[in-house]
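Colleague: Sequence:
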Amino acid sequence: AKLHGEREAWFLDCRDRVDVPEDQVGMPGDRYAVTFAWKKLKEVTWAKLHGERGEPEPSQYFIAGTWTDFELVELKPDTSRRRGWFSTEVQMTSVGIEFKLVRNEDRQQVIYPMAAKRGDRTAGSNAPIKGPDGFGATSWKIDDDRLGAVYRISFFRDPEDCESAAMRMVWTKIDDRPVVEPDPTYYLVGPFNAWGEQGMQKMEHPPGDLAVFTGDVTVDEFLADEKAPEKKKPVVPFKIVQHKNPARCVHPDKDKCTQLMEHRVVMDDKGKDLSWHIGAHPADKAKKGDVFTVKLQVARDGSMSVSWAKAG
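The numbering used here numbers the first residue of the sequence shown as 763 and each following residue consecutively.
Check each hint, because a few of them may be wrong.
Unchecked claim - Pairs of lysine-lysine, DSS-like flavour, derived with a Cα cap of 30 Å: (1) K1050 - K1018; (2) K1032 - K879; (3) K995 - K964.
What the hints assert, rightly or not - Across the chosen pairs, the derived CB separations fall in these ranges: (4) W808 - L834: 26 to 34 Å; (5) Q960 - E814: 37 to 45 Å; (6) Q960 - K1057: 17 to 25 Å; (7) E817 - F984: 52 to 60 Å; (8) V1053 - W808: 45 to 53 Å; (9) E1024 - K1072: 19 to 27 Å; (10) N866 - E814: 21 to 29 Å.
Keep in mind that the hints were calculated from the coordinates and are not lab data.
We treat Cβ as the ideally placed atom computed from N, Cα and C, and that holds for glycine.
Working from the sequences, and respecting the hints, build out all of it.
Modeller: Rendered as C-alpha cells:
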C-alpha cells in the first residue's frame, strides 16, 4: 500500500542563504534540537543549540552518468590526495561521458554545474558548481571523440566548508584502452511517468538477445484535442529513450503516430513533440485500463521498428 507523505520531509538548510533565518545558519558539527508537539495542532520546530558541537557523519558522494544509465555509483575517497577528494575512472564510449553527483544517495542533494546560458543541458569543468539541492538539471560533459580514452574524474569538497565555492570538479585523461561498449538499454517514457521526470520504465529483452526489447503500458484517458477539453480518448502516448539519455530519443517522424501509419523510426535529440499513440487508431480497440506490450526491434544495420499488441 502506498504511504501518504513517504516522499515528503522537513528540510533544515543551515547554509548562509537569503531564505535561511540568521539564527539557523550553521556549520558542519553544529547541533540543532527538533521538537514535535501535538496539542490542538501538530507542530514541528527546530532551534540551534548554541555552543554545542558534535562530530558530523562523513558524507558519501555518488556519480550518476551516461555509462550507467545515470544509476548511482559511489565515488571512493582518493587516498593519494588530501581529505575531501573523491575519484573514479571512466572510459569514453559511444554513449559519451555526461554526469552529475548525488550526496548520500539523496536525489534532492544533487551537485551539478551551472549552465552557461538558459537551456544548456551540459557544461564543462570550468563551470561554477551548484548544490547540493534538488534542481540539478545540468550535467558535466567531457568533450572527446576518441573512443577508448580513459579519464579520472575527481571531486573535492572541503570537509570544513559547506558552501559551493569550496567544491571543485576536475578530470584528466590517463590512458587509452580498447573500447568496451555498454550493452544497449531502452526505456519507455510517456504521461505515465511524466515523460521521464518521475523515472523511466526499463524495457526487457530475452537473455543474450539484444535485438528485441519489450515493455508494458496501460491505457488511460487523455485529451484527444486541446481545443475540446471535454473530449477524452483512451490512448497512451509514448516514446523510447536509450540509456536514459534525452539526446538518444527513439521516436516516429510524425506526431500522434499509429503503427499502421507509414513512418520512419528515428533516434536523435529532436523527438520532443513526436510520439506514438496507442489507441489513436480504431484497430487497437483500446479501452481504459487495457495493457499493451510495446516491442522495439533493432536490426543488425541499426534500423529500428516499433509495434504493439494487447498483453495476454
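Colleague: Take the hints in turn and mark each one as holding or not.
Modeller: Hint-by-hint comparison with the structure:
1. Proximity of K1050 to K1018 is assessed by CA-CA distance (about 18 Å); at most 30 Å being required, the pair is judged to hold.
2. Simply put, K1032 and K879 have alpha-carbon atoms about 20 Å apart, close enough for the 30 Å limit, and the pair holds.
3. Only pairs whose Cα atoms come within 30 Å are accepted, and K995 paired with K964 is accepted, the gap being roughly 26 Å.
4. The beta-carbon spacing between W808 and L834, approximately 29 Å, falls within the hinted interval of 26 to 34 Å.
5. Taking the beta carbon of each, Q960 and E814 are about 40 Å apart, inside 37 to 45 Å as hinted.
6. Here the CB-CB span from Q960 to K1057 is close to 24 Å, well matched to the stated 17 to 25 Å.
7. Hint check: E817 to F984, Cβ distance near 53 Å, so the stated range 52 to 60 Å holds.
8. At roughly 46 Å, the beta carbons of V1053 and W808 sit within the given window of 45 to 53 Å.
9. Remark: the range hint 19 to 27 Å for E1024 to K1072 is upheld by a beta-carbon distance near 23 Å.
10. For the pair N866 and E814, the supplied restraint of 21 to 29 Å holds, since their beta-carbon distance comes to about 23 Å.
In terms of the numbered hints stated before, the structure departs from none.
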